[in-house]
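In case you want the letters, here they are:
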Amino acid sequence: MSPWVAVCGVGDIPRLGARRVARDAGLPVAVFRTAEDKVFALLDRCPHKGGPLSQGIVHGDSVACPLHSWNIGLADGCAKAPDEGCTPKFSCRVEAGQVFLDATELATRALDLPAPVAGPCPAMSA
Amino acid sequence: MKPFEGHPMKKMKLVMVGNGMAGVRTLEELLKIAPDLYDITVFGAEPHPNYNRILLSPVLAGEQTLDEIVLNPLAWYEEHGITLHTGKTVTQIDRARRVVRAADGTEAAYDRLLLATGSLPFILPVPGRDLQGVLAYRDIADTQAMIDAATKYKHAVVIGGGLLGLEAANGLMRRGMQVTVVHIMPWLMERQLDDVAGQLLQKSLEERGLKFLIGAQTQALIPGKDGRVMAVQFKDGQEIPADLVVMAAGIRPHTALAEACGLHCQRGIVVNDTMQTITDPRIYSVGECAAHRGIAYGLVAPLFEQGKVCATHLGQFGIGRYTGSLTSTKLKVTGIDLFSAGNFTGGEGFEEIIMSDPYGGVYKKLVIQGDKLVGAVMYGDTVDGSWYFKLLRDGRKVADIRDKLMFGESNIGDVGHEGHSRAALMQDSDEVCGCNGVTKGSICKAIKDKGLFTLDEVRKHTKASGSCGSCTGLVEQLLMFTAGGDYSAAPKLKAMCGCTDHGHQAVREAIRAQHLLSIDEVFRTLQWRTPNGCASCRPAVNYYLLSSWPKEAVDDPQSRFINERSHANIQKDGSYSVIPRMWGGETNSSELRRIADAVDKYKIPTVKVTGGQRIDLLGIKKEDLPAVWKDIGMPSGHAYAKALRTVKTCVGSEWCRFGTQDSTQMGKDLERALWRMYAPHKVKLAVSGCPRNCAEAGIKDVGIIGVDSGWELYVAGNGGIKTEVAQFLVKVRTPAEVLEYSGAFLQLYREEGWYLERTVHYVSRVGLDVVKQRVLGDADGRRALWERLQFSLDGEPDPWFEFDKAQVDLRQFTPLGAPLPVKETA
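Just so you know, the protein sequences line up as chains V and Y, in that order. First residue of the first sequence? That's 1 in the working numbering, and the numbers climb one at a time after it. First residue of the second sequence? That's 1001 in the working numbering, and the numbers climb one at a time after it.
Excised from the complex, chain Y in its bound form (with noise of 0.2 Å):
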């Protein structure tokens, strides 16, 4: 079925019935990575092209109009050459002929099928569900009958206290309409909320004027003299006036046009990993109508991930399954804060950790299963659900922070965004990241102007949280509120890139299980889709060739950045910096005059003392870095790259008249045992010599404190955007213990460690628990990787001197001269 490439007349059809969001976010996968390959019609029943569903709840709160929900103008459809039948239904697929036919008698012939059509609303099977005045909250259709509604009538009732109905309820009483909301289980959301939240819920909805009938079963609706509904009757014989009735008592996948045509139906059209119905391979089905794994999700990030996958192999690329996704649930309604994931029920077998402030209006549970987060519902105060959620999805062990957990992750100080954890309450011009001076007004413009949904759409248009990361929980927040819906539901296990579906531990673990020894087979062996990389992923698998297999993995200078490159620190103008390394930071009257003259020598214009106790030399001309080295005739800092800085350190026990511990010594001894250490990141130490910690040792990956006793160690301290404390790791009597200990955890850090994670998100992710039983725990172990670790350095060249060895290519410090003309074209 290989179309003739390049002969327009070959091209496949592709049909897509169901003109909603899973269905064009499919095609504009596909279109992105196949533009060429397809013929594309369209059939959707609703005469509008593709707008955000999830928005009809503000349209209908009267906070957004029907426009700006839009998300592909009928111009889209053009550009991309897609036939559009909009307002048609399709009523038959003839998989023989394979042609799909619409109730008007509209044809079309595919090569495949994507079949999107979505979720039917539930209707209660009661007496005068067909009268005037009962409605489903579906679609556009349905919200504009609603708004009409509430313009000429005065009573509302809600059938169903779930996400959809209360947002209907909201919607209608926003538009002067006083609303019952009809709930027949023991309290709302009962599949989002646990009791108490449910009940809080409700009695803040209710003082907003809002009525319930909770646990009330609907026996009929009651015709009026003009035929149009105008009581509602309930099981108990007690009647309720009601000019509209909104059923919201849930969705059903939409399969009847696929049961019709024979394809295996149930909870849904049933799918495989590839989005590909199990009945007819040439039938794929994605979002609410396919059952994956058993589940018809309702959300629209897990949708997004199936369209995703989807494209992939209608493009023909055949890469990338969907392996189902968790999901979380966020209320839109304007002024209620509620967020719920996983298993936020607890019971038997389960812990819960459960703060509640009745009277303020907050309340939070999570639930703890074997050390891990599985579940939240938190009411009042949502600030965290990205952070919960994201720690459910990692399965990320949580002992070590347990006694902070309730407390969230905006209590760790972030720097960069004048403190703001709370995105609602910013103003338009207040900056939400401050790497990029990007404001909370630009970001919001961008979602709703440019259609973004996911976050890393967001920072590729406005880059906000794509430099340090540390705003990322902000943009989650403005994603929530600007989009609606859930966007933070990132595919479980994160790509390293754009150019692999592998993460990184995966690509770690294949490079150690089937000793990978290049880039080049790795990519082979892992079938990265580009050829060679990206900016982004060859580093990291340089790195990962080199701490695998130390001695076998050749170096590739051409991954690495180029401050790894040419050994010196790039600036904003081209230059370079020199940071020579000063042992302990230490230096002599020698050195400082070989500093001097070379400053003067090659007219180095800023001079500056670093925080890592070392001389940083800044705006060296490339030409001049080889000379300048010479010159000073010091080792090099390595201040340029993801391996040992510096190892700072109090003056201690050889002068101080308070210390204990001769700490200068420790941080030689250190830095020269560490020193040509490549990371995963930069790699900071500092010892002080007493426990009053003047080299600062309490923000480092690797701080030691003497005491009179001996040396306390502490890891995975930071000081850089997330301010962490060290944390206690243990207390040794020698300083040969303190090398020991110290390059044990570095290396399992260098060994375990993903590309750019900084000690203290390895430790976070990892937990400390593991870190210790590791370093701790098993004596041999400890050895082991610290034999390892000096097994890695022995011999490690310095590049400012060992230019062969090290492989630095000295022709980059030479520009290609002024050339002369050789010969003329004619």
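So here's chain V without its partners, still in its complex pose (with noise of 0.2 Å):
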């Protein structure tokens, strides 16, 4: 019932990478390619400190958070024990060589998730 939308091609991710899927609202959703060209789809945001999944090393099929290190499965967004939280996954599909999205899903869910900040304090600097 859902629309699928074509992100991209499978090669268009690096093998053991991940490209960012930008969206309108919201955080980036991570695609990552695993050695035997499996394809997953969890939101860019660990769920530790919110780091960006998309710039770990992936291996197996788990992604290790490029912070501080949390390996983060892919199939499920969870972190593996005895870290806890998961990470918002989405659906994803691969045909014909290009990897598909959910658009309900990209357009809807994880919207409340916040970014990580950094930089200088604004009521300090104030």
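Since the hints were made in silico from the structure, they are not lab data. Since we're looking at a predicted model, the values are computed, not measured. Watch out, some of these pointers could steer you wrong.
Below, a list of computed lysine-lysine pairs in the DSSO-like style, where the Cα atoms sit at most 30 Å apart [claimed, not checked]:
no., chain 1, residue 1, chain 2, residue 2
1, Y, Lys1572, V, Lys89
2, Y, Lys1642, V, Lys49
3, V, Lys49, Y, Lys1682
4, V, Lys49, Y, Lys1603
5, V, Lys80, Y, Lys1445
6, V, Lys89, Y, Lys1032
7, V, Lys49, Y, Lys1460
Got two chains here, separate frames each, mind docking them using the hints?
In structure tokens:
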């Protein structure tokens, strides 16, 4: 029922790597490609401190967050024990070498999760 | 014998005899790697689930309760579908039918059998040993009987002044009994202590109220009218009153069951390196009952190592060998600090360093042989026990630190935990790990609540010591205090990560010896457990390939940390920082103007001057990186990489009225010769133009100080977690020599250092003597090293400009755009 949208070809994602899919609202979605060309999609936000998972090292069916090396399962978005927490996952399918995401999910899922912040504290610089 | 996978009826049957720490740990390891392989049945002679036997002493002393020392509650067995028979002693193994039978007739069939029967206390063969009131000290029942006796009776005699005997004596005394320890040897704990430390220990225990009969030989135990023991009689006819006698004269591997079914036993059930009995391949054995290469271990750390190896074989992974352990000892009597490891007796052919302060109750002895630490005894101050044990295990040469050795690691300034070095003195609210904000209280709680035993487990659960590692010593101390026993005994060779059993050195050597050229080849040849490694081993292997086979091995960007893939430094919000290279810390108006323009154009929020004499632009969006590089038009500063960072300089003789050498030019020459140099970790240099050393060369990986007659080279300094002053390497005359010697040292580090090992750690691992021999003693070798470095760096691209050559994947800088719907699914 839901509209699938093509985001890229499998070959556009580096093997054992990821690409970011920008959204109109909310944080980007990271699409990952494993060594066996399996493709997964997660919100590009580590459940720990919001690190961009798309920038992590992909190994097996996991990605290591670039900020503090939490290992996040690509299939379920959940941190490997003993760390705890999950990042929202997005439906994803591959057909004829094209990667499809669900448009409804892209438009509606996890819009409320904030981006991590850095830089000078506004209150103090004022 | 392979099971039909996924068919529950065909699961293999694993029976374990003995429900103690070593056995259950083996099951835990097995369940981790092969949770569904076996139907597991466990027989335990005691009516309890698995508990921490080491902590019986604190229970006896009234410091902990029995509930607190249970490691695996009954619910754990249920949760994992394990059939548990408590209070049932297995009396027979029928190897032909593959069935074990307990005293009450309970039977269980097995495909694999694990014998973890532990040990039995040695009972002196003296008359009266069967009397009421005569106990061993081994299990919960013994402990409970001692606690009960302490409420009713007055006089206790402990036979045996070893670890166990003293802990029992201390516990009984704490419970109000008058305790005499009878010890046949000339001093206490003679297997763990030398005579001086043994006597210090005796004195201290006497001050607490224990009595000792040293050298006394027990002849008989005399019964009273009620049939209970009343006195202990010695060879010389002397008698002392005793309402309770505790036999703690040693333990023997419990092998009766194994012997009865024909398994070869000699000082234990004889097993090979996979913990399989040499008689019957279906039967494994771990723990105090197993004899590995002639040794039956009694300490928990080696037993856990055995368990891990055994589990991988039971789990049909077929990897890992147990090759024996070095052990250390710590007495669990509150208030008495005592530690020993290795060969502490010394004697002919050994050198000893001794510090003795009998008045202050401190005694330390280090035994050295052939420039290596081979043993240590410490009494009164054991803070550095784990450090000495590490030196001992690693077999590190100690010539360069010999003068400091006695004073321990703790006087070398670690930062991040308020200067604490003694965990016992810290408050629960004190921070142990300054990186992750973990307090002593939360570490102790995790150790107790989650039953943690090893440093790695504490790291995983609490994060303590998991980041910079400077508080590792403190965390190890907390483990000793909280969990008891010795938990620092990691395997002699530490594996690179969970993906392999190989250590860094073995991987390096294999890559060189077998001319391995790709990560896949390494993983295949060395039988990696995971298909494509993890975030810890892949970057390391990638580096080893590139440093071993420059121009041959091909870089794999996907195996590099994001900073080295995007050539900028990721920040906490996912933005990046850019630090352009400023040769020797010098810049000019046009560079500054371009930087200023880029700051405005790309709205860069923070501009900061770094400690390495450069300018850091923080908060750049990833999409803007290539444009910022182009606009600034300066070379990459590699401030994001495990590579040469900066060469810090002072202004030197060009301007400075004290300057003796042109340090700025020397710095620029070094930086131009060495930039783009990847290394096991970041590398920082500094050049000062006179001994006032304004460039702070004393805390750099390579620090150079100009003096009137030439240049002094210092290596392996560090300004980070462990502030370490660089060590003098050599004095040379010309700038060309500075380049050659510095380059040779760095190439040596690049070829032999382990990934993420700074030069300070590398040099302390191999010893400065080795470095001197390679760089100074062997002129041809030095030139060859310097040539190999130049060969490696020749033609290396600048990743900010030569994208193709540096394999920079430009796709990463463009997010996939807002997608359009293309089709509907039915």
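How the hints compare with the structure:
no.: 1; hint: Lys1572/Y - Lys89/V; result: holds (22 Å)
no.: 2; hint: Lys1642/Y - Lys49/V; result: holds (24 Å)
no.: 3; hint: Lys49/V - Lys1682/Y; result: holds (25 Å)
no.: 4; hint: Lys49/V - Lys1603/Y; result: holds (25 Å)
no.: 5; hint: Lys80/V - Lys1445/Y; result: holds (22 Å)
no.: 6; hint: Lys89/V - Lys1032/Y; result: holds (26 Å)
no.: 7; hint: Lys49/V - Lys1460/Y; result: holds (17 Å)
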